[in-house]
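Trainee: Based on the sequences and whatever the hints tell you, model everything.
Residue numbers (the working numbering): 71 to 154.
Treat the hints with care, as some may be off.
[Unchecked claim] DEER-style ranges, computed between Cβ atoms:
| no. | residue 1 | residue 2 | range |
| --- | --- | --- | --- |
| 1 | V143 | G113 | 29 to 39 Å |
| 2 | G150 | S117 | 41 to 51 Å |
| 3 | G119 | S98 | 13 to 23 Å |
| 4 | R145 | T96 | 18 to 28 Å |
| 5 | A149 | G113 | 37 to 47 Å |
Note that these hints are calculated values from the structure, not bench results. This one's a predicted model, so the numbers in the text were calculated from it and none came from an experiment. Just so it is clear, CB atoms sit at the ideal spot from N, CA and C, and this is done for glycine as well.
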Amino acid sequence: MLSMRRRTLLTGLAVAAYGGTHFHDTGSWFNGRPARLDEVASGLGLSDGVGRHPAGAYPYRSLTSPAAVEHHVLRHAGAGRPHA
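Mentor: Set out below in structure tokens:
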């Protein structure tokens, strides 16, 4: 992690605070492991209370592992493939 305001290094993960006050992550992965970006953002003084939830605007299904992401992309990406 590299912060523009606080210099903190974590091998390979770069995060910067650009003046905002809110941040929320829904489960990012980094190098095959959960990135826990909400914890990183909290350490930068950012709140995860963004005031809305993406599922309120559109339906989606969270993919819970790198293998699930790969399976979904291989099945649905490309011309002529189903989107859901």
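Trainee: G150 and S117, beta-carbon distance inside 41 to 51 Å?
Mentor: For G150 and S117 the Cβ distance comes to about 43 Å; the hint holds.
Trainee: Do G119 and S98 keep their Cβ atoms within the hinted range of 13 to 23 Å?
Mentor: holds, 18 Å
Trainee: Between A149 and G113, does the beta-carbon spacing fit 37 to 47 Å?
Mentor: holds, 43 Å
Trainee: In this structure, is the beta-carbon distance linking R145 and T96 contained in 18 to 28 Å?
Mentor: Once the Cβ atoms are compared, 21 Å apart, the range 18 to 28 Å for T96 and R145 holds.
Trainee: For V143 and G113, compare the CB-CB distance with the range 29 to 39 Å and indicate the outcome.
Mentor: With Cβ atoms ~31 Å apart, the hint holds.
In the structure shown, no violation is registered for any of the earlier numbered hints.
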